[in-house]
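The lines below spell out each chain.
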Amino acid sequence: VDLTRLFERASQGDHEAFGVLVGEHLARLDTAARLILRDPELARDAVQEATLRAWKNLRGLRDPARLGAWLHRLTVNACLDIARKRRGRVLEIELTPFHDAPVPDATSRVADALYVERMLAVIDPAQRAVVVLHFYLDLTLPETAAALGIPVGTAKSRLNRALAAMRISVADENELPAAATATERFA
Amino acid sequence: MNRLNIPPRGFSTDRLHAALGDVAGPARPDYLSDIVAQAGRVRQRPAWTILERWLPLDIAARRQGVPRAAVLFAVMLLLVALLVESVVYVGSQTRPAPFERVVIETPSVTGRVASIAVSPRGLLAVVGGDEPTRLAVSSDGRKWTLVPEGQPPYLSNDRTFGMPTVLGTDGGFLMLQLNEVWMSENGYDWRRLAGETTDPDLTWPGPDAATAGGPGLVGVGDDKGWYSVDGSDWSSAVVPPLPAEIQARPESERYVGMTGVTGAGNGLVAWGIAEVPLADKPDEHLVVPLLWASRDGRMWIDVVDPEMDSVTAVAGGPGGFVASGQAGPEAAVWFSADGETWERVSDGAFTSPVDLHLESAAATSAGYVVVGGDGLCLSTSCPDQDVVIWTSADGRSWSRVPSADLFTGAKAYGALAWGSGFVVGGAYDGKPAIWISASQQ
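Top line first, the protein sequences correspond to chains A and B. At position 161 of the first sequence (counting the first as 1) the number is 161 in my numbering, and the numbers step up by one without a gap. At position 239 of the second sequence (counting the first as 1) the number is 1239 in my numbering, and the numbers step up by one without a gap.
Excised from the complex, chain A in its bound form (with noise of 0.2 Å):
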């Protein structure tokens, strides 16, 4: 499919132009979603009205390119501005159904995935959202700070106060297990 020429019709109003657009990201999209808010309808919710904007704006976007990145800003900052109506009410937790993902190692995965959404549970969306566009979506931390609109400094702030609540550490695959100081990792 020649992504341009459907960006060119759903600029010129085509609305099923669009859709396939945006069906290229929406799993992503709407995982991203749930892992902010922790509510499936809420996440559609989020989906919907940031895809709205994204249509309502689409001439305004010069690169076709970009769209997926701007899809993802317009997402995270859906589920924030959700969030803030919904402050001091109760969440539902969405329970994950681990059986529908065979993996090889499934135990530590499984594992993996329990401690994530225990901890996930820990630190407030504004902090989740850091975290799900840095390591789920795999943005660069000045991608990450561009698509919140704060600054470089301040993502990275928040993201390793995030990681430090969520008692985890990063590192390359080959340096784990993680060593205890920074100067036997390093030196």
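The hints are simulated quantities; they were obtained by calculation from the structure and are not laboratory data. Hints are not guaranteed to be accurate.
Stated by the list, open to error - Cut-off 35 Å, straight-line C-alpha distance, at most; resulting in silico cross-link-like pairs (DSBU-like, lysine-lysine): (1) Lys1224(B) <-> Lys1281(B); (2) Lys1281(B) <-> Lys1143(B); (3) Lys56(A) <-> Lys85(A); (4) Lys1431(B) <-> Lys1143(B); (5) Lys56(A) <-> Lys1224(B); (6) Lys1431(B) <-> Lys56(A); (7) Lys1281(B) <-> Lys85(A).
Since chain A is already given, all that's left is putting chain B on it; use the hints.
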């Protein structure tokens, strides 16, 4: 925030990515048809074109009884006048191109120039991001060579502990990474000057930034300060208490990061941020700037101006200090002759219709420069950014370097004096890049 009292668990980025995906469960969103239907009911906002802007003018003129030919003639006359004016202006410009952009090409690394240093031997850049961090050296700023991998120091990146900071000295380069200080004469061969194992004052996480000053070198990082004669033996400095609203919160909930330090004359200024979640709105954060001043690098005082909402960089020059940051919703610059008393300058000069961030500042022999990024947004879309540069001879009156193609699709992260001009480090088209000012070319 170790409320759960469980040991930390180490993850690789891939494992954490997979775990996050598993937590969310398999994504089978079934509402694409709803999105398409919703789009079908909502009109898109127009993207104005010249013709669309012309149309209302044409309609208005016709209503006034002005013949369309007369309107077209007037418009054509105006365009010809503008064209002639442009040709005359371009012909009168005899200066060389004001900036040169150089992309640091690497076989596998994309990202940005995170730190850059100048020594008598040339330039050293720290390039990378989420990819493995690399060092690149250049004698002229135009041709860059990557330092081979596989030898110490092993460099952290944005996915681990952030990228190292480098600074130039008369004898070569210094590198600060985690709680270690490394030195190199040429950028290729490095030796560890100091570290946690040999210097008990270099406690984790160690200095993130340093500058020449005080007894020799002065460093800051986290909520601490250090000083050293030659970089091999560091002592802890006396630093100001944290702001009350930060200090009041448990240490586990607050983040304090001193991110830079600079010197001028016999003064030093260090800057950074402190951040805590709001007590009544835990998903929002209170971020306050930190600004310290010192005469000797051993003892610091708090000098933050109440008008400063953030301080992104400070540059010390012969005339005093310039600080860039944010005041309310606006990008702002402050000037201080002594580093202790600050005054906002050029109110309104640092404006943008979109999303302006000043990221760095530098002092040159000709004055000062501040750089940053300007997201050229249309409605909510901000897919692109431009490098923006302001210069000033005295630190008080500023003028913006005109936009140019070589600044488009790019962002600046750092500026540094180089000879009689300056060099800007950043990213262009997703790759590490620098911009060299004309006076250096």
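Okay, the hints, checked on the actual structure:
1. Lys1224(B) <-> Lys1281(B): 28 Å, holds
2. Lys1281(B) <-> Lys1143(B): 51 Å, violated
3. Lys56(A) <-> Lys85(A): 23 Å, holds
4. Lys1431(B) <-> Lys1143(B): 15 Å, holds
5. Lys56(A) <-> Lys1224(B): 48 Å, violated
6. Lys1431(B) <-> Lys56(A): 31 Å, holds
7. Lys1281(B) <-> Lys85(A): With Cα atoms ~11 Å apart, Lys1281(B) and Lys85(A) stay inside 35 Å; holds.
Of the hints listed earlier, those the structure fails to meet are numbers 2, 5, in rising order.
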